[in-house]
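Input sequences plus hints: build the corresponding full structure.
Number of protein chains: 2
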Amino acid sequence: MDLTPTGTVILGFLSGSEMSGYDIKTRVDESTRFFWAASYGQIYPELKRLAEAGLIEPSDQPGGERGRIAYRITGPGLEALRAWLLNGESTMELRHEGMLKLFFADALPRSQRVELVRAMAELHRGKADRLRLVHEAQRPVEGDPPWLAVLRFGLGFNQWAIEWCDAEIARLEAEAGDDAGGDIGTVAGGGAQAGADRDV
Amino acid sequence: MDLTPTGTVILGFLSGSEMSGYDIKTRVDESTRFFWAASYGQIYPELKRLAEAGLIEPSDQPGGERGRIAYRITGPGLEALRAWLLNGESTMELRHEGMLKLFFADALPRSQRVELVRAMAELHRGKADRLRLVHEAQRPVEGDPPWLAVLRFGLGFNQWAIEWCDAEIARLEAEAGDDAGGDIGTVAGGGAQAGADRDV
DNA sequence: GGTCCATATATCGGTTTGATATATCCGCCC
DNA sequence: GGGCGGATATATCAAACCGATATATGGACC
Chain E
11 MDLTPTGTVI LGFLSGSEMS GYDIKTRVDE STRFFWAASY GQIYPELKRL AEAGLIEPSD
71 QPGGERGRIA YRITGPGLEA LRAWLLNGES TMELRHEGML KLFFADALPR SQRVELVRAM
131 AELHRGKADR LRLVHEAQRP VEGDPPWLAV LRFGLGFNQW AIEWCDAEIA RLEAEAGDDA
191 GGDIGTVAGG GAQAGADRDV
Chain Z
11 MDLTPTGTVI LGFLSGSEMS GYDIKTRVDE STRFFWAASY GQIYPELKRL AEAGLIEPSD
71 QPGGERGRIA YRITGPGLEA LRAWLLNGES TMELRHEGML KLFFADALPR SQRVELVRAM
131 AELHRGKADR LRLVHEAQRP VEGDPPWLAV LRFGLGFNQW AIEWCDAEIA RLEAEAGDDA
191 GGDIGTVAGG GAQAGADRDV
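From first to last, the protein sequence lines stand for chains E and Z. Basically the working numbering = 1-based index in the first sequence + 10. Basically the working numbering = 1-based index in the second sequence + 10.
Since the hints were made in silico from the structure, they are not lab data. Heads up, the beta-carbon is just placed ideally off N, CA and C, and yes, glycines get one too. Hints are supplied without guarantee of correctness; some may be wrong.
To be verified - Just so you have them, the derived chain Z footprint on chain E, three or more residues with Cβ under 8 Å: (1) 43 to 49; (2) 81 to 93; (3) 166 to 178.
What follows is the structure, encoded as structure tokens:
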């Protein structure tokens, strides 16, 4: 049984406690969202598939609570989760629109490039703030659980990014000061040729 | 005319020089891939859409070179590119399987958690190495073009991540040394309950 | 009794991914 | 000159993913 990424998220959460699809989506949005998102459109079909495969099962809890179906993980489910945790694979994708813009920024006069970096800094500041809130909201726990490390990673990354942006802004402004008028004269049209042999 | 993300990548590259879909894909893979990927399945249909919208046009270069169709950006295309660059939006998505695993790692005995972090370190080391190669392959240019900043960002991020992993490994190992035998006794079964109120 | 919000499942169009099919051109070696 | 392999080039597909929204119920509050 090969797990889809969404499948691993579901099993992961269910390994903690019984949950409905709605619960899972809520928890994802307040936790893993920062490095792994999931939508209803993925979660509900995947719950059914996992149940069919016997990795999870609907918990028959008493009392008709609306249409709610809570699921719990089964033995094979736990096994599948552990197998995934230990399979040694580990992908990473970054999708960063600000970086993309910066990459193509030689179609832009120099004075406006710094704006792009400023917007990036703003973005990372926002993420860091939210993570800080989450961090402060934690009740203290003993033993430094794994998810706390993950939170530290998110916070650290965004702080690093903020510093990078600030340094870059400083560089750009210094540069603009250097080459006299470089920030007003370069502009449009030239941009179309300038990057012809761009090749990062 | 609202650009799709892939559309902006295409316009961005074409603002540098004429290219075919194949060229674009190749350039993406050796550059923007690190923070923005694109596949054939996106590029070719998007080229047609952009051409229909008049933002790019097939360049009628002499000599039948196979089925090759190179495109060049038009005036409206350049305008659209600039508008996108300046629209102030900037999303960022991280998809990090290693982090996801770490988040759910209390289903795992402590001794094995460190393996997850080691795998992450390996991943980032690989990315950093490749970026370093790209960096060294650059012919020197005057004036520090924007894409060089982007390269520095990628390199910096991965280096930061490596350091984070190394620190985390050290922490985990120290911890394992602390609570006597903590790395052999905890194990399976307990994991299923341990994370019940996980809430990053 | 009515209003509002949280809970809960379901679905949809559009985008992205990753792999693969198909075919041609070009250099190279025998 | 003939055949091989690799680079060039376009096209397509199933599966996954995303973001938004439709629909409906339960409970709280006034």
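To see whether the hints hold, each was checked on the structure:
| no. | hint | result |
| --- | --- | --- |
| 1 | 43 to 49 | holds (count 4) |
| 2 | 81 to 93 | holds (count 4) |
| 3 | 166 to 178 | holds (count 6) |
Of the numbered hints given earlier, the model fails none.
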